[in-house]
Each structure stands twice: as C-alpha cells, then as structure tokens.
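Engineer: As a plain string of letters, each chain reads:
2 protein chains.
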Amino acid sequence: MNKIITIGREFGSGGRELAHHLAKELGFAYYDKEIVEEIAKRTNLAQHYVQHIVEHKSAVFFPITTGRTLHTAGSDYMMRQYTEVYSQQANVLREMAEKSDCIIVGRCADYILKDMNPTRIFVYADMQAKIQRCRKNAPEHEHLSDHQMKKMIQKVDKNRAKYYRHYTGQVWGDRENYELCVNTSISPIEDIAHALSHLI
Amino acid sequence: MNKIITIGREFGSGGRELAHHLAKELGFAYYDKEIVEEIAKRTNLAQHYVQHIVEHKSAVFFPITTGRTLHTAGSDYMMRQYTEVYSQQANVLREMAEKSDCIIVGRCADYILKDMNPTRIFVYADMQAKIQRCRKNAPEHEHLSDHQMKKMIQKVDKNRAKYYRHYTGQVWGDRENYELCVNTSISPIEDIAHALSHLI
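Those protein sequences? They're chains R and C, same order as listed. Sequential numbering of the first sequence, starting at 23, is according to our numbering. Sequential numbering of the second sequence, starting at 23, is according to our numbering.
The list cannot tell twin chains apart, which means a pair is met if one copy fits it or any two copies do.
Simulated crosslink set (DSSO-like; lysine-lysine; CA at most 30 Å straight-line): (1) K46 with K121; (2) K180 with K136; (3) K136 with K158; (4) K136 with K172; (5) K173 with K136; (6) K184 with K55; (7) K180 with K158; (8) K158 with K55; (9) K136 with K121; (10) K55 with K177; (11) K25 with K136.
Quick caveat, the hints were computed from the structure, so don't treat them as lab data.
Can you make the complete structure from the sequences, with help from the hints?
Structural biologist: Next up, the structure:
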C-alpha cells in the first residue's frame, strides 16, 4: 500500500510550505492545484469556482449541518453543485492516493483516506507568526492591520473547523485525530520537514 | 540561557522512555527521581510519601479548585504538606533548569519554567498501545483485564489533567500549550527521539 501523508493546518501556519518541503525530502507526490483541475474537469465547472467552493468561501454548505433547510431554487441548485464538488474531490483523492506515495493538504484527506492508514499531521503556529506569514504572502494591494489580519485568520480557521466537523464528525486540530501536531514557530520549516522525514 | 525540554504525557504513552532517549541523543540532563529526593530533603517528608503526592494519588488537593473548604484539622495539615511539596517542586525545577540543558517530564514544568522558553512536547498514544505498554511494565502480581487497564489509564490521566488545570489554568494536552504533540504509535520510540533531536 502507498504511503500517504495528510496535512491539516491552521491558516498562515505554513502547512503548504511544509508539505512542499516534505514531498521533496521524501520523493512523494504533492497534489494541490491538480486536485481542483481534475474536479473542474469532472463537474464541468470553472476552476476558480471549484476553488471557491473547496476553500469553503461560501456559507451555503454549512446550514445543512444545523438541520435548517434552504428553500430557494437557487440555493437548491448551489447545494447540488457543492455536494457534487465534494463528492468528486473524495474520488480524486482516493485515485491519487492509489497511484503513488503522496502528500495531501487539507480537504479532510485524513478522514477520506483513513482506510489507507495515512500519517496524519496537523500544523499550527503562534498567532504572531501566522500574521507575519500572511502579510508576507498577501497581494500587494492588501493593507490589513494586525487586528484585521487576526480576525481574517480566525474566520478562515472557523470555516475549516466547521467543514471538517461536518464531513468527519471529528474535532479539527484535536490531537486524537493526528499522529503529529507541530507548531511551526519552533524551527525553520525546512528543518521541520527534514526532521519529520526521519519519522515517516 | 539553557535549553529546556518539558514533556507532558498520557499514562502509558512512553513519555519517560522518550525523555530518556532524547536526553541521550542531545546530551541533556534528565531529572526524575532526583526531583523527589530533593523535595523530600527540603520538606523532611519520606520519599515515598512525596512520590505519592506528586503523582496526585490523593484527591485532597483538588477540592480547593472548586472553592470548597476542608474543615477537619487532619485535612488542613495535609493541605499544608501538599502545598509545601508543590511549592518546593517548583523551586527544585527552577534550580535544575538553571544548572544545565535538561529534560523534565510532567510536573507542570512547561508552565513553571515558561520564562525560560522551554520546548514543550506532549506525548500521547492509541489506547491499545497504552494498554500494551502498561502491561509490559506492570508488576508481576498485577493481573488486570484490558477493560480494567483502560479504566486505570483513564483515571490517571483524569487526575493529571485536573492537576494541570489547577496549577496552570490551561487545558492539559491542548496543542496550544505545546510546540509538538506526538503519538508514539507512529514509530519506535528511539526513532521518534532521533527525529525530535533534529528539531531541537
């Protein structure tokens, strides 16, 4: 069976960067954009729209979890699209994991691929470090204060936690659901990747 | 400033074993029995009694956290002893941490030594692995079923969590209070220690 690493991560903690370095260290495939491209192909939706959905940028998906019903035809249509995207995402993840050793970031991959016995990593960081990393990666026209940045980070993570809870019934970031939780404030990300590659 | 590693751990997860290997890898001092010996000397209490207290084997210490008052003279006397032992423990930890690079297991060391910027590790494991490890380390005359063993592990950890909460106001095992949380079911403990030594 292929070796699978899944990485859950707080926004701004450097989870993608860690995945990238770890994939290089281990010679594993690292899928990211390819997943969205493949979902777009299978659902006939535009890539940027698929991206919008899988990043949970809309709240449409979540009311269902609280048992409320959305009555408008528009919402019904969107709900079907969302469900189709998430269902195709699960298919794509399984197919990729069956192809070769690989690393997958986010997407509830730890849960979707649990039969393949993945090494499940959760990446987090101190708020100040997350703010700094977000500022470094922000588009040039974005001028958020530290306070605004913090609010934004908290909002993204709240949505990730909600989505994870909806899909898995588990608590996002709770150590019980991971083999390893690592605060990236501890060392440069390359060094963390190098150390983790010894463990896996 | 010396490098300090603190290790919080679930009962049966191999936290002490990891500390031992990590100390060897890094050439750090690893204090364990020495702490109890030193507290016994300073408080004029028997070592086995100090051990009993610092392992939270009695519930006397905890009602205070809920604001209840213990009225009997016997309890007052014990409370004073408990407070003295915990206060001396904090002193001993600080003195040891000032002496050299070191690793300390449990004892809220992550919180007590926070000014020294310790690398805080939390060690946990799957229940089945914890039961196996406890069985391996159990005295010969102990014949607990898996169910009894599980209950015992849960009870010890409940007390550890309570004690940690009382002393620090924080949640025991919550990733926010650690740089690294590691499930020892992932790899042999020697390998985990080796990988972590690269990080620290």
